[in-house]
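Fit chains L, X and B with the ligands to the supplied structure of chain V, relying on the hints for placement.
Protein chains in written order, with my numbering: chain V, 1 to 133; chain L, 1 to 133; chain X, 1 to 282; chain B, 1 to 282.
Treat each hint with caution, since some may be false.
Heads up, simulated BS3-like pairs for lysine-lysine below, C-alpha to C-alpha not over 25 Å straight-line [claimed, not checked]:
| hint | chain 1 | residue 1 | chain 2 | residue 2 |
| --- | --- | --- | --- | --- |
| 1 | X | Lys46 | X | Lys97 |
| 2 | L | Lys40 | X | Lys46 |
| 3 | L | Lys65 | L | Lys53 |
| 4 | B | Lys226 | X | Lys167 |
By construction, these hints were calculated from the structure, which means they are not laboratory data.
Model, not experiment: these values are computed from the prediction.
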Amino acid sequence: MNRRDTFFRQAEDIPGTTLFTSGKARQGYWINQFSMSLMKPENRKKWRADEKKYLEDWPMTAEQKDAVLARDYNRLLELGGNIYYLAKIFSTDGLSFVHAASAMTGMSVEDYKAMMMAGGRPVEGNRSIREGN
Amino acid sequence: MNRRDTFFRQAEDIPGTTLFTSGKARQGYWINQFSMSLMKPENRKKWRADEKKYLEDWPMTAEQKDAVLARDYNRLLELGGNIYYLAKIFSTDGLSFVHAASAMTGMSVEDYKAMMMAGGRPVEGNRSIREGN
Amino acid sequence: MADLQYGIACSHVPLIGVGADQNREDDPYFAPIFAGFDWTRQWIMKPENRPDAVILVFNDHASAFSQEIIPTFAIGCADEFQPADEGWGPRPVPVVKNHPELAWHVAENLIMDDFDMTIVNDMPVDHGLTVPLTVMFNKPDSWPCRVVPLMVNVVTYPVPSGERCWKLGESIRRAVDGFNEDLNVQIWGTGGMSHQLQGPRAGLINAEWDRKFLDDMTEDTDRLRKIPHIEYLRETGSEGIEMVMWLVMRGALDPQVKELHRHYHVPASNTALGHIVLENVQ
Amino acid sequence: MADLQYGIACSHVPLIGVGADQNREDDPYFAPIFAGFDWTRQWIMKPENRPDAVILVFNDHASAFSQEIIPTFAIGCADEFQPADEGWGPRPVPVVKNHPELAWHVAENLIMDDFDMTIVNDMPVDHGLTVPLTVMFNKPDSWPCRVVPLMVNVVTYPVPSGERCWKLGESIRRAVDGFNEDLNVQIWGTGGMSHQLQGPRAGLINAEWDRKFLDDMTEDTDRLRKIPHIEYLRETGSEGIEMVMWLVMRGALDPQVKELHRHYHVPASNTALGHIVLENVQ
Ligand SMILES: [Fe+3]
Ligand SMILES: [Fe+3]
Numbered sequence: 001m002n003r004r005d006t007f008f009r010q011a012e013d014i015p016g017t018t019l020f021t022s023g024k025a026r027q028g029y030w031i032n033q034f035s036m037s038l039m040k041p042e043n044r045k046k047w048r049a050d051e052k053k054y055l056e057d058w059p060m061t062a063e064q065k066d067a068v069l070a071r072d073y074n075r076l077l078e079l080g081g082n083i084y085y086l087a088k089i090f091s092t093d094g095l096s097f098v099h100a101a102s103a104m105t106g107m108s109v110e111d112y113k114a115m116m117m118a119g120g121r122p123v124e125g126n127r128s129i130r131e132g133n
Numbered sequence: 001m002n003r004r005d006t007f008f009r010q011a012e013d014i015p016g017t018t019l020f021t022s023g024k025a026r027q028g029y030w031i032n033q034f035s036m037s038l039m040k041p042e043n044r045k046k047w048r049a050d051e052k053k054y055l056e057d058w059p060m061t062a063e064q065k066d067a068v069l070a071r072d073y074n075r076l077l078e079l080g081g082n083i084y085y086l087a088k089i090f091s092t093d094g095l096s097f098v099h100a101a102s103a104m105t106g107m108s109v110e111d112y113k114a115m116m117m118a119g120g121r122p123v124e125g126n127r128s129i130r131e132g133n
Numbered sequence: 001m002a003d004l005q006y007g008i009a010c011s012h013v014p015l016i017g018v019g020a021d022q023n024r025e026d027d028p029y030f031a032p033i034f035a036g037f038d039w040t041r042q043w044i045m046k047p048e049n050r051p052d053a054v055i056l057v058f059n060d061h062a063s064a065f066s067q068e069i070i071p072t073f074a075i076g077c078a079d080e081f082q083p084a085d086e087g088w089g090p091r092p093v094p095v096v097k098n099h100p101e102l103a104w105h106v107a108e109n110l111i112m113d114d115f116d117m118t119i120v121n122d123m124p125v126d127h128g129l130t131v132p133l134t135v136m137f138n139k140p141d142s143w144p145c146r147v148v149p150l151m152v153n154v155v156t157y158p159v160p161s162g163e164r165c166w167k168l169g170e171s172i173r174r175a176v177d178g179f180n181e182d183l184n185v186q187i188w189g190t191g192g193m194s195h196q197l198q199g200p201r202a203g204l205i206n207a208e209w210d211r212k213f214l215d216d217m218t219e220d221t222d223r224l225r226k227i228p229h230i231e232y233l234r235e236t237g238s239e240g241i242e243m244v245m246w247l248v249m250r251g252a253l254d255p256q257v258k259e260l261h262r263h264y265h266v267p268a269s270n271t272a273l274g275h276i277v278l279e280n281v282q
Numbered sequence: 001m002a003d004l005q006y007g008i009a010c011s012h013v014p015l016i017g018v019g020a021d022q023n024r025e026d027d028p029y030f031a032p033i034f035a036g037f038d039w040t041r042q043w044i045m046k047p048e049n050r051p052d053a054v055i056l057v058f059n060d061h062a063s064a065f066s067q068e069i070i071p072t073f074a075i076g077c078a079d080e081f082q083p084a085d086e087g088w089g090p091r092p093v094p095v096v097k098n099h100p101e102l103a104w105h106v107a108e109n110l111i112m113d114d115f116d117m118t119i120v121n122d123m124p125v126d127h128g129l130t131v132p133l134t135v136m137f138n139k140p141d142s143w144p145c146r147v148v149p150l151m152v153n154v155v156t157y158p159v160p161s162g163e164r165c166w167k168l169g170e171s172i173r174r175a176v177d178g179f180n181e182d183l184n185v186q187i188w189g190t191g192g193m194s195h196q197l198q199g200p201r202a203g204l205i206n207a208e209w210d211r212k213f214l215d216d217m218t219e220d221t222d223r224l225r226k227i228p229h230i231e232y233l234r235e236t237g238s239e240g241i242e243m244v245m246w247l248v249m250r251g252a253l254d255p256q257v258k259e260l261h262r263h264y265h266v267p268a269s270n271t272a273l274g275h276i277v278l279e280n281v282q
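One chain only, chain V, in its complex shape (with noise of 0.2 Å):
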């Protein structure tokens, strides 16, 4: 097998985890496109007043379209939204990096803030699937 391959095999392994490859780039690219149009405040009007008469105008599938609207990022990971571009979706919700962690993690704001105040997620047991380490 060639480094690539090994490469995004490994990356695989890591559990909680979506690498934003080539796969993912080509499956999510209007995700992605649609994400940064929010960039521009004349666009994040449009969006606030009507979300779905938004999205008509972006080839995405139906189920990505339901994801954004559901603001169900794991899901948007799986269907090839990245991290830095969904970002434009909670920031024009006016939300952080915190809540849309907490959200991706299943924990609550508060469980999540308290959880990184003592030292953040341990990386013991958070290696690997397959090691369980």
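Chains L, X and B with the ligands in isolation, oriented as in the chain V frame:
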């Protein structure tokens, strides 16, 4: 002298030739950006309707604007224009690279074409100002 | 596995596109230009030669890339690319369909091989890419193969060295050889040969130099890959530098290659038209 | 001649920018974050330390670059760069003034040294670049030095290897050493340290690994430059990969360096904040 300086020094020794270096790129930034704007049909239309007015929107020097209006391509090369960008101007005029090249060499289009049909400008005598070869 | 046996080089003079688009192939001016592609047009459509995908090395001529952003090497990874409007409307040629899996595979391997590629998904393609397709494939309703566009900056200095371009070709070859799909891949290098489009020295042609360059594609590649920029500029005109893109093509082939076909004609517009078809010697 | 004696690294967490922009430096949450920069803020404004220009290595977070174009390494050559609107309006910080002569000089030398740079003239700069300026310089009306932005792709895979980043740093240093102007140049590497912003593993912090990374900036750079991507991802979270940008900085310094100052604090938002100031040992 380092490789970069040596190369740029040598290039200056080639007769009748302007290398599109960083200095030129900085100086001619807006000549080239203006030229590229003519790739859009709607801009070509505006440009044809009133060239001077069209140029008002571009932060070019008076000298650069005059050279554009005069289609003085040798002057534009000196002022930072690059020939592939400038091509958008003469293409919009409906002229070809052969027309622009003739103009820059100071030859009539017919003489220039005849030179090309006869095998082009010989390299002999056109290599180096210093060496005269 | 993917297989790369053939490399093709050719000039990409805009006027050749005009000649084809206006059906003037039989005009006395154009006839000797197109005649030299007859062999290739026949050869390339034979089932055993027809590429499934071409890695097409070209340069953008201030069409997709303005001075806002100037990549040294960019590889197109989108599904398709539209012909650019270069000032008189887009050429009436088919849209260019990529092989995005191959493109991404090559891009990934190049980056892991220390080539600092720019990945590009939105890129109108100008005559640098479409004229080579026209001279090889004539006027089909759709191009008969997928095309992976690989753009090299030869406009804003400094441009990459011949040696760097050669090594890029070698790395492309390793990537193609490792692509896990039965695919007949060709690599094309475009641009050149001697020409100068700017200033009082415009119209420069150096047929002797060009012919030696064509010869040494088979006979002395060590010389070719070491040609310094200043030699291209002095000897072949300021736009002759485009020949570094031929070196990407040549670097992707085996050390030993056979010349299957050659065409050299002056003038095509301001340019010495060169064309060569090379095959790996097993 | 230009002189490069100091390298600085620091995280570029957006929340730190928010804290500064809202004057919340004394809040219990922010106080320990900013405290670690007091030393550097004093040190850097002393006449003998103040840089004339900083080569600021950062990554864009989907602000200037969309999926349309993804350069591996881009160097900003324009006269100035505007703070980006990342979704809540641009940060209220001064425009970033480049040193375009130095930027072009470095770009030219890098390309001639086989780095396939993308030159960029239009690039809004996001927190990756502006937060480091804030933590070092606080809130001046204009930044007290010129800034050459050097952007590294760490978002779309594959990203450049640590070793490639190190070598980029070495090449930057050679270019700066050859710049013919009396100029006090610093290089900054930004991003990191351990953090993951995505998925169920978000919030990962590995203080032990981070501290060893800080130690080995002076003690074992051979180890650092060989850390494979998979180790950053596993041990430091998916966004810990930003630490390859510290290696560009470190590669530009002498083999032997002295640690002048260090700051490490958890958390800043989702991130382990790291900061180090290094000086060449003559
Ligand atoms: Fe060309
Ligand atoms: Fe970051």
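Here is how each hint holds up against the structure:
A distance of roughly 21 Å separates the Cα atoms of Lys46 of chain X and Lys97 of chain X; the hinted pair therefore holds under the 25 Å criterion. Restraint check for Lys40 of chain L and Lys46 of chain X: not satisfied, since their Cα atoms lie roughly 40 Å apart, outside the 25 Å limit. For the suggested pair Lys65 of chain L and Lys53 of chain L, the alpha carbons sit about 11 Å apart, so the restraint of at most 25 Å is met. Note on Lys226 of chain B and Lys167 of chain X: the hinted pairing holds, with a Cα-Cα distance of about 23 Å set against a maximum of 25 Å.
Checked against the numbered hints listed earlier, the structure breaks hint 2 alone; every other hint is satisfied.
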